[in-house]
Structures are given as C-alpha cells and as structure tokens.
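Work out the full structure: start from the sequences and follow the hints.
What follows is each chain in one-letter form.
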Amino acid sequence: MSDGDPASPGVSGEPRERPPDSPVVTTTVRLLVPFVVTFGLYTMFHGTSSVGGGFQGGVVVAAGVIAIAFAFGLDRTGGWLRPGALVVLPAAGVLGFAFVAGGPLVLGAAFLDLSAYPVAKAVVFGVEAVELCIGATVATTVVLLFRSLGGG
Amino acid sequence: MSDAVVVLVALPVVAATVPPVVSRRVDGVGWPVAAAAATAQTALATWVGWRVLADGPLRTVVAGLPAVLGIELAVDRLSAAFVVLVAVAGLWGLAYTRRGGPRSAPGASLYLLLLAGLTGICVVRDVFTLYVFLEIAGLAAYALVALGDGRDAAPAALRYLLVGTVGASLYLLGVGYLYVATGALNMGVLADRLATVGYDDRLVLAAFVLVAVGLGVKIALFPVHTWKPDAYQAAPPGITAVLAALVSTVAAYALVRVVLAAFTGAFLAANPRLVAGLRAAAVLSIVAGALLALPQRRVRRLLAYSSVSQFGIAVAGLALGTRLGVLGGVVHLLGHAVMKAGAFAAAGTIEAGYDARTVDEFADAAAHQPVASAALATLVLGLVGIPPLVGFFGKWYVALSAVRTGAWATAAAVLLSTALSLAYFARLLQRLYLERREGRPTPAPVSTGMVASGVLAALAALGLGLASAELIAALRPAIEGVPP
Amino acid sequence: MTSPLVAALLVLLLVAAGTVVWLRDPLSTVVAFGVYSLGMAMLWAVFRAPDVGMTEAAVGAGVTTALFLVAVVRTGAADPGDTQSRSRAVWRSRAVWRSRPDWRSIAVVGGLVAALLWTVPALPAVGTSAVPPSQQVGPAYVERASALGVDNVVTAVLVAFRGFDTFGEVVVVYAAGVAVLLVFDGEVVG
Amino acid sequence: MLDVLATAGPGVGLATAGPGVGLATAGPGVGLATAGPVEALADRAAYLVAVVLVGLGLHVVVADRNLLRKVVGLNLFQTGIFLVFVAAAARTGGRSPLVVGPDGGPYADPLPQVLVLTAIVVGVSVSALAAALVVRIDAEQGTVLADELDAGQREVTERE
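Residue numbers (my numbering), protein chains in the order written: chain A, 17 to 168; chain B, 1040 to 1523; chain C, 14 to 203; chain D, 1022 to 1181.
What the hints contain is simulated information worked out from the structure, not anything from laboratory work. Heads up, some of the hints might be wrong.
[Said to hold, decoys possible] Here are the computed lysine to any residue pairs in the SDA-like style, where the Cα-Cα straight-line distance is at most 20 Å: (1) A/K137 x D/V1121; (2) A/K137 x B/G1103; (3) A/K137 x A/F115; (4) A/K137 x A/L121; (5) A/K137 x C/R157.
Laid out in structure tokens, this is it:
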C-alpha cells in the first residue's frame, strides 16, 4: 500500500504493525492450508472430469493463501505479496488464455477451436490448459483484492 | 480473413496485459503501450471497415461451431462504423491525455480494456456475450471515473457502478427470458424462433422491456440518467471526453443491434403499443434532458445533460421503426460522439488553463485561448444542429421520418430540444466571446495535444457533415427488416 | 409440486435475505449475506447445478463476504476494539430509517416486482422446459462434450463451445484486479 | 456437501429415495397457469422467491443510506436473477450435467448454468471494485452514509 504518493490520499495512514494472531489460529492455519490448497489445485486440474474448474479452484487456492497472509500478519509475507507484483500473474493468465485460444488461428482453424491442435485428445488438454490459466488469474487476483483492500 | 473480427477484440486485451508486466522494470510505460495499441487498433479497424465496404460482412463463429451452439461474431457496415469510431476515439483520447489522463500502468491497462469491451459489444451477435462485454466496458469506465483527483470522484464512480450494474442485470434477466422462451442466444436464431414463439408471448414482451430498460440505463435516458452528470463532472477531463464519446453511444448501438437483429422489424410492427412506449420514453428524455441542462452553471454538467437529450433523439429514431428513422438515429449517434468528445476536450482545455468550472468562469476565454474557444464554439453549434456540421443531419432525418410516420410528439420534441439547446449553449458562447473580464490571469500552459484534439474533433464534425450523404448511403443497406 | 427440500431451502433464502435487509449494522448484514449465499449454493446443488453451487459457495459466500468484512472493518471502526464508533454508525443509520418511507424506492421496486410477477405464470414449471426438445441445445452439448471426452459438460461448454464468454470473464477478473489497484494507488506513474 | 456435488445419480445424496425427488415431481409441464392457480404457483415457487429477492435487493440498493449495504443489496439483486436461470435449467428427474455413460438419462440444461457461472464471477469482480470504492470514500470523506455525502456535495455546489 503505497501511501507516499501525495496525489491520492494514503488510505491506511501509517502501515499497521499487527502482531500475528494467537497460536491457536496460526497452528490451525498451518495444519489446514496445505489441504485447502490441494483441494483447490485438484478442483482446478480436474475441471473436465468432475465438478469444478478454474474459477472455483482459483478461489479455493486464494482462500488458503489469504489465510496464511492474514494469520501470520501481512508484513511478514515479504515482497511477493505486494500488489504491484501480484498483478503480473493475472496478466500472464489472460495472456496464456489468449495464446491457447489463439493457437488454432495460426493453424488455420477458428479461434478457440481446440481440436485443431495436432495432439491426441487435444480438446481435453486444451480445456485443462485454459482452466489453469483461469485458475492462476482468479487465485492471484483474489489475493490481490484482499491485499489492496486489507491495507497494511 | 474473417478471423480479423476476433483479433479486433483480442488485440486491446493482449495489449492491456503488457503495461503492468513491463512497468515492473521500466517506468512510465503506460502511455506509450496504450498509444501503440490504439494505433494498431485504428489501423486494423479501418482495414476491416474497408473490407466490409468492399466485400460485405465478415462473420465467424468461435470454435467453428454452428451458430446455435457457439458464439457468433460479425462485422457488417453498421458494426464497422462503430468499431472504427471506438478505435479512432480511443487513439484521439490518448493524444488529449498525454498529460492529463491515465499515465500509470494500471490506468493504461484499464483504458485499453475499455476499448476492448466497447469493440466487443460492436462485433458480437450473441445476446449473453454482449452482457459480458457490457460489464468489461462498464467496469473499466467505473474505475476510470474514480481516477478523478477531486473528493467527488469515488462517490460518483460508486453511484455509476451501482446504477450501471442494476441496468446490466436487468438486461441479463431479459436475456434469461429470451433463452427460456426460445432456447437460443444467437441473434439470428432468436429472430427465427421468436417468430415461431409468437410476438405476443409474455416472456418475449417482458424480455424486450427488460433489454430496453437495461440498455436504457447504460444510455442514461431520463429518469435513469442521474449517474452521467456526476460521473462526467468528477472524471479527469481526458477520460470524460472518451467516456462521453463512446460508452453511451455503444450502448445505444447495442440497443439498435438487439432490436433489429434479434427482435426484428416484424416484432416492432406486431407490437405498436410497445414501440409507442419506447418512443414516449425517448421523447421524455429529449425534453427532460434539455430542460435540465438550462439551469446548469457548470460546463461539464451542462454538456452531460445535453447528452441525455441527444441520446433521446437517437433512441427515438430507432423507436420510429422506419429505415430512415433508424439511419437518422445511427448517424446522430456517430456525429454526436465526435462532437460531444470534442466539446468536452475543448472545455477541458479551457478548464485546465483557467481552472474554470462554471460557465461564468469561461468568460473572456476566447481572448487568451482563441483556438480552443473556436473549437468549442464550432462543436457547440454542431450540437445545436446548425448545418453543415454533422449534428444537423441526424436530427433532420429523425424529424423527417417522424413527420412522415405521423409521430408528431417526436418531431415536436426534436425541434423543442434544438431550440432549448440553442438557449443553453448561447449562454456559453456569450460568455466566451462577448464578455470582457479585466485582469484575466494569463492561462496556465496547456499541451498542444489538448488543444489539437478539440480542433481535430471540430474538423471531423465538419467533414462528417459534408460527407453525410455518403455516410447515409453506406449505412443504408445495413439496416434491413424495417419499412423504409 | 415443489419438493419439501427445495421448499425448505427457499424459505431459508427468504429468511436470510429478510435478515440482510432488516439488520442495520453493516457487520451483521455481511454475516447474514454469507448465510444467504450458502443457502443459495445449497439450493443450486439440489437443482442439479453442482458447478454453479460450488462457485456460489466459493465465490459468492467466500470471497464476496470476506471482502465485505474487510471493508466493514476498514470503514466501520478505526480498530475492532472501538465499539463506540461502530455503535454510533449503527445508531445514526437506524435513526433515520424508520422516519420517512422512501417514495423513490417504493415506485422503482414496486414497478419492477409487479412486472416480474406478471411474467412468472408464463415461465414453465420448475423442472420442465418451455422449449420443444427439437430446439433444445442441452442434449446437443451433452452429446458433443462426451464425444470430445470431456465428462463435465458445463466445463466443456464454458471453455470449448462458448469459450469467448469465458475469455471475456477472465478479462473482467483481470480488470477488477487492475481497477482496485488504480482506486487505491491512484496515478502512481510506472 | 461434497457428496451431493460429486454424485451423478439422481436421488443419491441429500434427497433420499425416489427419482430426482429434489425437484418438482409431478406437475404437468403446462404453459400458462392452466393447472389451477395454486398448483401452478407452487410449481414456480423458485421464480416467485427470485422475484422477491430481486425486489428486496433493489430496495436496499435504492433506499439504504449505508453505501456498503447498497453493495450487499446489489448482490442480493443479482443472485435473485441468477436463481431464475438455474431454476430454468433444472429438469425433473434429471441429473447434473456430468456425463456418466452413453445413456445417462435426462440431464439438467448445462447452458444456463454456464451463463450463471460467468455472471457470478462478473458480479464478484464488480462487487470487489465497489468495496474498494467504499473504503476509499470512507478514507477521503470519513463517512459511508449516502446522505452525508450528498450534503457535502451540495455544499460544494453552492460555494461555486
């Protein structure tokens, strides 16, 4: 949260030095988050065969990351959670989607015609690749939203 | 070759992903990337427009599916005109905002996403995909309004967000009813199936009203216009000019496209009372917009209320249900976009020079900023409807068609709004040229880009006016399914 | 007849929505909204829409409710301990609520609800479809999806058949991230 | 909860025996309410609830003073509209659109479900921006009550 910029009011005033939550929270989070993130990744990867997909998986993964960040205090998460850095992955996700979908154009087929790829079961892999791009974009954006809104 | 339609939408999106990534290394990369992308988009749009004029509509269905299953994108002459308008206005807006507007990486990204959303609306032929792109353009517009540095920017942006999202959701409910009634989302398939379902079916009637009200909110027809004056007053001057030119204009185009391509003229003919209702709403907007503009003391709010009235004329043209009326409405949409954008740019230049907000503070501006004032005066006269500027021809065709079809209320409203606009704009011109103000501080330096953009718009308004006959002839074949 | 389970969930939704409207304190409103979203997610699961139910649970009840909670904390009170300013916010907003009915809202909401109620009888009974089978797209999508080897038809339609909507949707998510950055950091160059 | 989502068979999971008991069982699929008004409205209970939710949501958006509650009301309004889509997608005795075999029996209509999936994500993106704007308004003007903002706004206009 850059509050050095005079043009727009620094929203959070002084960066708040919040101590990490009580040990109950931190241990619970430390135990819980690996399973949350695994479930999120499972949902993201198996969008084609079972319920779920990029959006649901991305949000669940983001919930895990946010639980860590808020339980252990935002300032301890170091540089990689700064909003400026966080916006790079969604941009990459959108770019990935555009390239996977634009590939068939180069191969002479229509946009997003995934069957044009010369790979066996091209559509299934194509759909899963797109799901991953969506998952990356959604997960990182949700973390970015909390990071920006949460301030500190 | 018809894949160019998809590239029209994908190009600004891909370009919008660049600034945040590159700005991690290089600073001040926002504006250059946006300028490069807008130039490429303008080139592609004009090329597509030229191909459509030469070889007829471009059409493609995403993933090569049959239209009833996939999403159809198509550019005919009507779409091409608006795609070119969006691209050119996008590039023109960047010339203005070299200093004023979005310089930061996120700002440039959102500006390009706004162009992508608006271009998407112009090319899709699927009523749900139209909703998605309405929300892309909407979300970008809400955030860009919040860029204003005054205290009123965030509240104005939130008010615009709330009203705009309610409107988009009502449109979505209309799409839901269309799907429940016909099982289709593609406009061409909808046209056939609505005929079989019957034009008096309750769901179809409800869908038409919901779509009209939803898009009416995005067009800011009276009484759901309240977001527009606040938003245009609070946004940075460059952003206001682009929003004024494109957002409501493309929403009005969307209404024309959905009504003509999905519901078709047969639906309008089968429901005269419904169409008369739409016309009455348009007439109410024409008159109310003009009356509300009269007492305005701040220039931007004056121009915003004038927009409410002018868009009423465009919707009235559609609601006449004749080819001439629709053509008049469409030409008025294109002309008004150019003139209103230029008027906001020129007013913004004077505003930046003197930190002037109200009409009175514009007094004697012509003496020190002759070029910007001349551009503003020309564009304001165009907005009133003085030939040969393009503002005259759109109104003329709508009024002519209204008289021919006996829609006296519409014709009277167009004339009354012209007279009222003469009244409230004359006040502005009088301040600019006839009022002397001693001890006028010399204006702050204003970038040549800002002044040039006003002049460019004035010349474009004149050019479009002189070429209005060719424009009408070019667009005429694209309006079909309605009596002449 | 609507099954008892669906009827029960619909009542839960009405009660939760009523609570959201009735409570004045922003914090309680957001918590009630979380309950409402979960109720909606359950109803959609029962309506044979598990993907949508999961999305509503994760995105609607999860992210939206959590974002609103963060917003309430950031706006309601300087710090959670300061109950005095939070109760003052509640008192201020409650005081005016009962005093004057808002004619504007009654007109707008009344008009819309009346129009929608007029269309409800024309909608097909829940569980049937007004569209004749020959014109339905559902079976065509199921057949094409299983031919492509994608078992989850919703994902197949979402990405393979109507992927352009999803492309637009990912752009909306990206735009939201960038927009929130812009709202807070403003015009920090670079 | 997960058990219901992952199942494919009708009647398994929350609802006990009976084919697709989760949905309106009998009720002939007639058009305009001809099968007795009460019966017809009972078949369309979900749509009625959706209309009530839309009304409640819009009321909160229009009439409430607290900006954050307006945004919550906006979400109520949107989810009510999504309920119309999902209810229209349901099929009596149908199965969730997960293909289980060549003759998997009637499936719920996947298309409205896809539309709602997209619309939910769009809705949350707009709500996130709205929440950010509310936080900024509170930081800049110290209040999130709409009429206190309007008052401030009017006083600005008078001053000019």
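Structure-based check of all given hints:
Between A/K137 and D/V1121, the direct Cα distance comes to roughly 19 Å. Compliance with the 20 Å bound is thereby established for this hinted pair. A C-alpha spacing of about 18 Å is found between A/K137 and B/G1103, which places the hinted pair at or below 20 Å, so the restraint holds. Between A/K137 and A/F115 the CA atoms are separated by roughly 19 Å; this keeps the pair inside 20 Å, and the hint holds. A C-alpha spacing of about 19 Å is found between A/K137 and A/L121, which places the hinted pair at or below 20 Å, so the restraint holds.
Our distance criterion of 20 Å between C-alpha atoms is met by A/K137 and C/R157, whose separation comes to about 14 Å.
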